[in-house]
Amino acid sequence: MNREFRSDLPIYTQLVGQFEQDIASGAMPPGERLPSVRDLAAELGVNPNTVQRALQELEREGLVFTQRTSGRFVTEDTAAIARCKKTLGGRHIREFLAAMTLLGYQRREIIDLLQEEKEEES
Amino acid sequence: MSAILECRNLSKSFGGVKALDGVNLSIEPGRVVGLLGPNGSGKTTLIKLANGLLTPSDGELLIAGMKPGADTKAIVSYLPDRTYLPDWMSVRQMLDFFEDFYADFQREKAVEMLGRLSIDERMHLGQMSKGTREKVQLILVMSREAGLYLLDEPIGGVDPATRDFILDTIIRNYNPSASVIISTHLIADVEAVLDEVIFINGGRIVLQKSVDEIREAQGKSVDAYFREVFKC
Amino acid sequence: MLGHLLKHEFRATGRRMLPTLGVLALLGVLANLSIRMLESGFGGTLLRILMGLFVAAFFIGMTVAWVMTLVLMISRFYRNLLKDEGYLMFTLPTNSHALIWSKLIVSTVWFLATALLIGLLMMLTVANLGQMSTDDFNAAFYGTREVLDMLYQLGVSRSSLILLLAELVVASVVTCLTTCLHFYAAMGLGQMSANHKGLMSVLAFIGISIAFQILASTVFSGLVKAGSVDLIVQSIEDLAQSAPGVVRVANSSIGSALLLEVLQGAVLYVITSLSLSKKLNLA
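Going line by line, the protein sequences match chains A, B and C. The first sequence lines up with residues 1 to 122 when you count with our numbering. The second sequence lines up with residues 1 to 232 when you count with our numbering. The third sequence lines up with residues 1 to 283 when you count with our numbering.
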């Protein structure tokens, strides 16, 4: 995971974002056991309380669950992971659209451009 | 939860010059706190008072509810801004020394960390470079299961690898019932490991806030915010 | 805690003092062998010069050992407590009393050890120079017995002689302690200075000496005025008429000197302890 953090956002929100990304993309597969808070903190070079807070947020979102004795795991609820993926994807699309709109493109033109890009790739 | 460190109207003057002026603050257990301020702002004075190396001119300072003394020194682990290790002693003799005096000293932990840095226990401190001596001292200090760690400028003037070792040691050593206070003026380097920060200037506390709070409210890093507050 | 402090202090000083005392003992033995050989006219010129050097080295060695003990007493206090190492020592879970006592006890032990060794070596040398035989030793031993018997016959009690001996032993210990404390108090006062700790310590040392002199002479002149001195002199003269009286005078004069030394030591201890606990100012 990335050790660089942006300076304008709380570190825990950035951690939540990185975990969401990794879970949605499958980099952290369903049911995978997470390292302990201390190990994660050491690996990321951040305060353990910050890691704790990020994991609690992920738990609240249903992406991570705690088993009393054996630790924390990535959820096995694939529907929840799909929802997360969709939310993240939607966010990227909105950002993209906003940027394109700012450049003066109309919806139709954007779709055409995407189509062209796809044909070039294949 | 009761505070591990508490200052009530704490003042310290040196021959009429106020190094600390009416400081009020309270630090809970389980926190990693940055004590941030320019040089001469009173950071070292505050830490020396907490270690009983100075006595307050006014007000009081309490460690786990007690005034600094033998009982508080048993639960405070202090890294001063200089090396205090006698040249003639070997690392092993220093381990003996810490084991003799501190009931909370974990020798295995120290040995493990020394091994990680390939520092030979038979070496005498006088034979070591300044940087290695500083590492030995940090290892000794962090190998105690203390209630409060007071680290005065631990990353001042060390190379990046040592800085990472220091921060890593602080993180790995984290214990929910212990607090760590790191005094420094190099905020960017430590920001990620801090829970909260205390800004101090001219012997007064300017603010005490959580790092998240500052980033959320200001939309900038603590480092950037610090520069803004203390711009000259 | 004091036990650990003593252990550490012996470790720190022993690495200097044991070799010093060892070399001194060796020099003492070599010097005495040399004296024997020189007196028996043994060896050539070169060897005789060498042996002469041993004798000279022994006498210089005694002074060096003594100075070394003194310097070590001062430097251990200064370097271990008032310089960088003080950051370690004063944050140990103990108090300044234990720190001061550990230094005091260890320095006193080394002073007494040095004195004892020098005493033994000097006795050896004197015996050697006088070419004493076993018979001479016996004679000296019995001579001492005879003097004691004579004293007993004159009515001097055994207990008063034991008291005298005990007082002398205690006095030498107390003198060591007070001497150390004189230096400690001076350094304790000197360290309060921001920039001139060394110089201020020297000035404090001189200041303390002068203060005690003034105090002593004030008290003495007060006693003279009150006529107490005449009374004391009179009673000494009365007592000194008989042998038990002389011993009693010795007992009480050493006793009162001891008391004054203890008082002086106590004052110096309070100064040291207060300056280290309330006014500590590590550089």
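Simulated from the structure, these hints should not be mistaken for lab results. Think of the CB as a built atom: it goes at the ideal place given N, C-alpha and C, for glycine as much as any other residue. Just to be clear, a hint being listed does not mean it is correct.
As the list claims (entries may be wrong) - Think about it this way: if two alpha-carbon atoms lie no more than 35 Å apart in a straight line, the pair counts; the simulated DSBU-like pairs of lysine-lysine are: (1) C:Lys83 <-> C:Lys225; (2) B:Lys18 <-> C:Lys7; (3) C:Lys197 <-> B:Lys67; (4) B:Lys130 <-> C:Lys225; (5) A:Lys86 <-> B:Lys67.
To be verified - Interface residues of chain A toward chain B, partial, derived using beta-carbon atoms under 8 Å: (6) Phe5; (7) Asp8; (8) Leu9; (9) Pro10; (10) Tyr12; (11) Pro29; (12) Gly31; (13) Arg33; (14) Leu34; (15) Ser36; (16) Val46; (17) Asn47; (18) Gly104; (19) Gln106.
Does the structure break any of the earlier hints, and which numbers would those be? 1, 2, 4, 5, 11, 12, 13, 14, 15, 18 and 19
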